[in-house]
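Colleague: Please work from the sequences and hints to get the whole structure.
Counting in my numbering, the sequence shown runs from 728 upward without gaps.
No wet-lab data here; the hints were simulated from the structure.
Among the hints, a few may not be true.
[Said to hold, decoys possible] Heads up, simulated EDC-like pairs for lysine to aspartate or glutamate below, C-alpha to C-alpha not over 16 Å straight-line:
id, residue 1, residue 2
1, K822, E782
2, K822, E803
3, K757, E870
4, K785, E867
5, K822, E867
6, K785, E870
7, K833, E773
8, K829, E870
9, K822, E773
Just so we're clear, the structure is a prediction, and the values are computed from it rather than from any experiment.
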Amino acid sequence: MTLQTFPGDLAQSFSIIHRAFQRDTQPIYKTLNLNVTNAYILLLLEQQGEHSQNELAKRLVINKGQITREIKRLSELGYVSQTQSTDNRTTNVIKITPAGEKVVPKIVDIRNQWWQERFQRSHVSPGAPFAKTLETVMRELIERSR
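Modeller: Now the structure itself:
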């Protein structure tokens, strides 16, 4: 007998989807000299504006060491700039650069194509009611992490 645990099953489903997304898109992102985490950072900065490294780490649920490595890589590519906060000298403010903004549409295309394939294969509409629920839960998690 299998025990059904709705929240746990949902979390497991998200985990499976996330890992599959990473596996499938990593080779495509590599052609842009990016990885999936780089893409997440650029999208977040483009959509929500500048953030401190700590805020980025919290929002994307990654550790401080990894966010430091990812920001360094994106800086070397010229996709983000890093400046010291005027309010707190120990805080780095990360901004997307014009070069970073130019690559974002490619990132969006990669994501959209991956999801479109999933929807077509499973005969699911992007406007299905569950999508709204997922968006609401995601927004609550983002607000809570502030």
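Colleague: Look at each hint and say if it fits the structure.
Modeller: Hints and how they fare:
no.: 1; hint: K822 - E782; verdict: holds (12 Å)
no.: 2; hint: K822 - E803; verdict: holds (14 Å)
no.: 3; hint: K757 - E870; verdict: violated (31 Å)
no.: 4; hint: K785 - E867; verdict: holds (14 Å)
no.: 5; hint: K822 - E867; verdict: violated (24 Å)
no.: 6; hint: K785 - E870; verdict: holds (11 Å)
no.: 7; hint: K833 - E773; verdict: holds (13 Å)
no.: 8; hint: K829 - E870; verdict: violated (28 Å)
no.: 9; hint: K822 - E773; verdict: holds (9 Å)
In summary, the numbered hints that this structure violates are 3, 5, 8.
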